[in-house]
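Each residue of the sequence shown is one higher than the last, beginning at 117 in the working numbering.
Keep in mind that a hint or two might mislead.
[To be verified] Listed next, the in silico SDA-like pairs over lysine to any residue satisfying Cα-Cα at most 20 Å (straight line):
#, residue 1, residue 2
1, 274, 159
2, 167, 324
3, 359, 324
4, 167, 246
5, 167, 247
6, 230, 174
If you are wondering where the hints come from, they were derived from the structure by calculation, not from laboratory data.
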Amino acid sequence: MLTPDLESGVKVWHLVKNHEHGDQKEGERGSKMVSEIYLTRLLATKGTLQKFVDDLFETLFSTVCRGTALPLAIKYMFDFLDEQADRHGIHDMDVRHTWKSNCLPLRFWVNVIKNPQFVFDIHKSSITDACLSVVAQTFMDSCSTSEHRLGKDSPSTKLLYAKDIPHYKSWVERYYADISRLPAISDQDMNAYLAEQARLHSSEFNVLSALHEIFSYVSKYSPEITEALEHDEQAQKQKLAYKVEQIIAAMSAES
């Protein structure tokens, strides 16, 4: 409700009038009116934002349209996932696609899309949050390999981009294929890249806090990690399983 006029006693409402609990019939009639207004405005808003959503998806799912070179870490990580799939005899392309989606778009980009205040110094209103949730859901559906069956009972936010998602899916598939065709990144180049990034951002992160988070993960899954290290040839040479056990014992000891 907008500010009421105290002299005339008139109350001004913005599109939606709060329904009185005692007047159920008026509430039902008002809800139908509101749903029709909502759907019309929803479609109009989608048309206004369509170009911006397209530009966002095209930029994120492109190796050449981003203004800068693809980060080495993405190529290195995707090649590692393909290597692990080959090593374990996983030839289902949907599985490889899902691994890559879970590593980058669904873990990183969805979080940024849903929470722009992480990147920009802005206030995210409830209306903005609702709109970004629709974009984020569309983004997640575009990374999925399963078919989305929609019907008359499907939420309007799902139906809104139903015709666009197959197009977006083709962008995701093309993006992964383009990365697989890029020249492989050697371990030396990757180590040099990580060393340079560490130097550039050395004052921005708390190393001890990061190590503590890693230790929390390692201690939680210590049996699985130790067993894996004991069966890995490179880890055996460096006695990593023994070293991990020593670290866990030292951190767990009371001082």
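Results for each hint:
1. 274 with 159: Roughly 12 Å between the alpha carbons, so the hint for residue 274 and residue 159 holds.
2. 167 with 324: violated, 43 Å
3. 359 with 324: The given pair, whose Cα atoms are some 18 Å apart, holds under the 20 Å limit.
4. 167 with 246: Holds. Residue 167 to residue 246 sits at ~19 Å (cutoff 20 Å).
5. 167 with 247: Judged against 20 Å, a Cα distance of about 15 Å means the pair holds.
6. 230 with 174: holds, 18 Å
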